[in-house]
Amino acid sequence: MKFSKQVVTSTPLEGMTTHIVSTGVKDVVTFAGSFLGGAQFGPTSNQKVSVLMAAMLDKGTQSKNKHEISNLLEDVGAEISFSSTRHHVQFAGSCLKKDLEIVIKLLGEQLQSPSLPNEELVILKNRMIGVLEQSKEDTKKQALIGFLSSLYPEKHPNHRITIEKAIEQTKKVSKKELKSFYKKHYGLGQFNFVAAGDVNSGHINDLLENRFNRWEQKKTTINDLLLGGHPSKANEKRINITDKMSLDMYIGQAVGIDRDHEDYYALMMGIYILGGNFSARLMQTVRDEQGLTYGIGSSMAGTSFGCDGYWNTWGTFSPNLFEKGKKATMDQIIKWYNGGIDSNELEAKKTTITGSYQVGMDTTGGVVALLLSNAERGRGVAYLDQYPEKITRLSLDQVNRAIKQYIDPKKLTLVSAGSFKQ
Amino acid sequence: MPPKKANTFDGFRFIKKSGGIEEYKLDQNGLTVLTLEDHTAPVVTFMVTYHVGSRNEAIGNTGSTHLLEHMMFKGSRNFNKEKGTAIWNELQNIGAQINATTWNDRTNYFEVVPSKHIERAIAIEADRMRFAFLNDEDRQPEMTVVRNEFERGENSPFDVLDKNIWATAYQAHPYHHSTIGWRSDIENIPTKKLQEFYNTYYWPNNATVTVIGDIKKSKTLKLINKYFGEHPESAHKIPEMYTEEPKQEGPRRITVKRTGKTGVVGIGHKTPRGLHEDNYALQLLGKVLTDGKTSRFNKQIIDKGLATSVFMYDFPFRDNGMFISYIFLTPETGHRTVEDIVLKEYNNIIKKGIKKEELRRAIAQTRASAAFSRDGSYAVASALNEALAIGDWTYYTTFMDRIKRISTKEIKRVAEKYLIEDSSTTGWFVPQKDQATQ
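Those protein sequence lines, which keep their order, are chains A and B.
Those letters in the first sequence? Residues 1 to 422, per our numbering, in order.
Those letters in the second sequence? Residues 1001 to 1438, per our numbering, in order.
Don't read these hints as lab results, they were simulated from the structure.
Worth double-checking, as some hints may not be accurate.
To be verified - Distance ranges between label pairs, derived from CB positions:
(1) D1136/B with T242/A: 33 to 43 Å
(2) K5/A with D1136/B: 50 to 60 Å
(3) T1394/B with P153/A: 36 to 46 Å
Claimed, not checked - Covered stretches of chain A (chain B as the covering partner; in silico rule of three or more C-beta atoms under 8 Å from a C-beta of chain B):
(4) 212-221
(5) 258-272
(6) 334-346
Being a predicted model, the structure only gives us computed values, none of them experimental.
Every residue gets a Cβ at the ideal spot worked out from N, C-alpha and C, and that includes glycine.
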């Protein structure tokens, strides 16, 4: 049976869509959901308002303090967590089937009546600053921040601010800003809820309807559509971090298209053949044959919700082998660009992608992740069955044309971070 | 002809059943096979666990179990680059998730595959069990790959501190060194040593095959017999590791100073071997201390803004283990402050025990985790792999029943017995200012 036929899609309330699938697993339920209220909707001067707002959701409600919330969940071994992405406020949870009602009731309360206690905000900010300080010594994170801040201008959703700036913004967030942000964006409208496991869709929809029927409708919409505006130029940057035994490196460029573009899958396939998994070119040559790295790969990212995304190759190298590793990586990129891919590679990776899609649905967590990302993009569940077909239909010519059209090896940005050999 | 019994299959002896999982022995060579049919998704996890880990290494060859695990992907008799049947390609081209891991007591190789491709996974694992290529020309580039893996670990203050705490706490027993090994051993171990290691431990009678998911048992066992049945049992007895750690007679301390931003405190206490009865109570005590926002350390350390995170681990190993709490400090917090809080809390539990509601909560958390350990074929195979490592796969299937029997009195007793200063090892990672930017 097609996967989409197993999913029950409903609209229990205006502005709320649910996608629920019963799998064969016993007793457990995994769920997740989201609505628009991520960093893109916060004040332009402070990206951390949305992050802190989401993180404050488990710090207290109008009727429960944070310990009472935790007691309720931990008494039944359940979990609910909240986070903020570039566009969404996301929640995720898991519990035993018998405890679902308690958990959804609490989720409703946390989302609809957060108390935002001042003292908790102070503690949270202090912790977040600590985590940010720690990330200053994370070579991979530092290289990625440097890479994305080189590719995109400050207001672009794919731009990354420096850690210093993130600390500064975290310090400035006030309760007043959180309240105002909450009022403007938190509510129904584009609210998605997905669940998988030992579930009954009717029961879940009833619980949600019951717990969210008084929540306000919000009119937040995505309006990025920033396609094609970021021509790349060749540049290289090094970020020094003392006493690190391995370096991280990003190479790539903005590609100017988003996930809905007609060339998206052809380009994605080309990049996957370069470095999508262990049997792809980069791991087979730079790691397996030459032994220059523990990990190297290539992917496309930042393409959702109308954003002009980027492709990148990431690799990790010993300082002594960095120059050699960089050259070996560039050799592969140039060979790939000049010679394109061949039909054997294309056919092999088609079955890789379609097979791994099936394998990914082996757990409730895998099913929920797939359903939510599909729902957030505004696609019906039928798309989940069409995806493997889209991959299977790609032609060699389409993929090779996409590589030539969107990649330019003469204009690559390269950022590396770590302790460089003197 | 009388009908066959449900668990009778040609070439196999049925051994036992627990929690829906069945154990068989392949008559030909003593290979153990665990099976569980579950048709939730059209997916199967196939895993081979070798009963060899870094506990079987000695000075000079630390890290060799792990390096050998890497070499096992370089090709074997029927699956290799020359034939156009390289292991990674054969499996990833069908969408399989494939990998291998090494730890103290075991090495495992696994494939999560669409169920129609199960035969390919079985054929590959059987082939490399006895016919792996272990050539020096392959070891050279793989050594630098593994060395880079080691170097990535050294980038992390936690990894560095954890290695140092184990190396200080365990002096004779091979848990002294981490699974990745010491850098100079990774660089210099001769290929001949890796071949010897392979020829000593990689035999069907020292391995367990686990196959979970969308299978038909009779057909799958037939395939296992077809491919693994060609191997003989080892002609030698698999060597036992006999070194025991002498009793620790006083607290130990270490400090690691490196350029960085993160102060870390780790406090470890020695625990008994994984299958010892006391471990069930220690597992629950760990939850009371650090699992969830209601845990004691979360309330006393995180809620007060003294640390960015707190966690503890007490993995059951085949031999003795360690009950270790780790605290990652916020920028202004001193190491001594959190160390005092942790030790004061240990003493509180030794003196007063824990509350019934804390125990009830820890059991509820464990019950939910146990249910989720059945979510997906890989989750089951992975849990069985760790149980096999400590010496008994039914540890996984009976775990919840044993946990439910633990009382607050038991927890107080194990705290008194194991959280004592004389068997402790405390480590501080003290970040140093970057001289280059001063």
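Results of checking the hints against the structure:
| no. | hint | result |
| --- | --- | --- |
| 1 | D1136/B with T242/A: 33 to 43 Å | holds (36 Å) |
| 2 | K5/A with D1136/B: 50 to 60 Å | holds (55 Å) |
| 3 | T1394/B with P153/A: 36 to 46 Å | violated (60 Å) |
| 4 | 212-221 | violated (count 0) |
| 5 | 258-272 | violated (count 0) |
| 6 | 334-346 | violated (count 0) |
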